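The primary structure of each chain is shown beneath.
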Amino acid sequence: MECIRLAYDVDGENFSSAGNASESVKRTLKQLGVSPASVRRVAIAMYEGEINMVIHAHGGRAEVEIYPDYIDIYLKDHGPGIADIDLAMKAGWSTASENIRSLGFGAGMGLPNMKNYSDEMKVDSTVGVGTTVFLRVRF
Amino acid sequence: MTIREVVKLLDAEILCGEDRLDTEIHTACGSDMMSDVLAYVKDQSVLLTGLLNPQVVRTAEMMDMLCIVFVRGKKPDAAVIELAKEKGIVLLSTDKRLFVACGILYTNGLGG
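These protein sequence lines are chains A and B, in that order.
Reminder that position 27 of the first sequence reads as 27 in the numbering used here, one-by-one numbering, no gaps.
Reminder that position 13 of the second sequence reads as 152 in the numbering used here, one-by-one numbering, no gaps.
Just so you know, the hints here were simulated from the structure itself, not pulled from any lab data.
The model shown is predicted, which means the values in this text are computed figures rather than measured ones.
Mixed in with the good hints there might be a few duds.
Under the rule of at most 20 angstroms between Cα atoms (straight-line distance), these lysine-lysine pairs were calculated in the PhoX-like manner [said to hold, decoys possible]:
1. B/Lys214 to B/Lys147
2. B/Lys147 to B/Lys213
3. B/Lys214 to A/Lys30
4. B/Lys181 to B/Lys214
5. B/Lys224 to B/Lys235
6. B/Lys224 to B/Lys214
7. B/Lys147 to A/Lys30
8. B/Lys226 to A/Lys115
9. A/Lys90 to A/Lys115
Beyond 10 angstroms from chain A on every Cβ pair, some chain B residues (computed) [to be verified]:
10. Glu157
11. Arg236
12. Gly242
13. Ile243
Every residue, glycine too, gets a C-beta built ideally from N, C-alpha and C.
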């Protein structure tokens, strides 16, 4: 099926630029005429993923495929991996440092938020190798 | 109420977005935790916070918010103000504390 493909390198060293990829996707979906409610769900889910890649995994790559009725987002990193995915999915559970919390993140809401705002979510992770999060949001 | 009324009620300084002060707003939220803003906020159009980094603007942008009020007399650096200008978000700064600023807006009719 025909789709629009976008790819972004997420810079793990630059907290200030975290969110650039999500903003670009948000802008693209708006231009394509996707409903504002769906655009916001995509933006929040992807932004949480982007923030996670920066604060936990030294950055990574975000790949996006936009179809007429939905969007698929792949967030791939080579970070430390997630030992217990079920635990990481629990609201309020976080391994974030005090430094990250002082920046306003690390409340343990990232993965639960991504699940809430998407229609499908899959987390593949191997400790020491990295994590890939797949998100699908239907419009 | 309009953003102009927020400026008046909180005796706030306008950091950017002077041309958008007549925008109507109906709801607001107050938090220093952006993760919680992303988790719990629905359609609030004003964010009151004591946090100053660029991710405050980005969080507001993702949530389609129109205005950020920095409390406790805080002001972000020029890069944050530039980012807000780019995104069309009004930035205000008030000397009032978060609880007081939220209370004033709530008692004057702004919803949660």
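Hints, verified against the model:
Under the criterion of a C-alpha separation no larger than 20 angstroms, the hint pairing B/Lys214 with B/Lys147 is consistent with the structure, at around 18 angstroms. Simply put, B/Lys147 and B/Lys213 have alpha-carbon atoms about 17 angstroms apart, close enough for the 20 angstroms limit, and the pair holds. A C-alpha spacing of about 31 angstroms is found between B/Lys214 and A/Lys30, which places the hinted pair above 20 angstroms, so the restraint is violated. A threshold of 20 angstroms between alpha carbons decides the hint, and for B/Lys181 with B/Lys214 the separation of about 26 angstroms lies outside it, so the pair is violated.
For a cut-off of 20 angstroms, the pair hint linking B/Lys224 to B/Lys235 is broken: about 24 angstroms separates their Cα positions. Note on B/Lys224 and B/Lys214: the hinted pairing holds, with a Cα-Cα distance of about 15 angstroms set against a maximum of 20 angstroms. Proximity of B/Lys147 to A/Lys30 is assessed by CA-CA distance (about 34 angstroms); at most 20 angstroms being required, the pair is judged violated. With a CA separation close to 27 angstroms, the supplied pair B/Lys226 and A/Lys115 exceeds the 20 angstroms bound.
For a cut-off of 20 angstroms, the pair hint linking A/Lys90 to A/Lys115 stands: about 11 angstroms separates their Cα positions. Residue placement check: B/Glu157 keeps its beta carbon more than 10 angstroms from all beta carbons of chain A (closest about 24 angstroms). With a cut of 10 angstroms on Cβ distances, B/Arg236 stays outside the contact zone with chain A, its closest approach being about 18 angstroms. Even its closest Cβ contact with chain A, about 22 angstroms, leaves B/Gly242 beyond 10 angstroms, as expected for a residue assigned away from the interface.
Residue-level check passed: B/Ile243 sits 23 angstroms from the nearest beta carbon of chain A, beyond 10 angstroms.
In terms of the numbered hints stated before, the structure departs from hints 3, 4, 5, 7 and 8, listed from lowest to highest.
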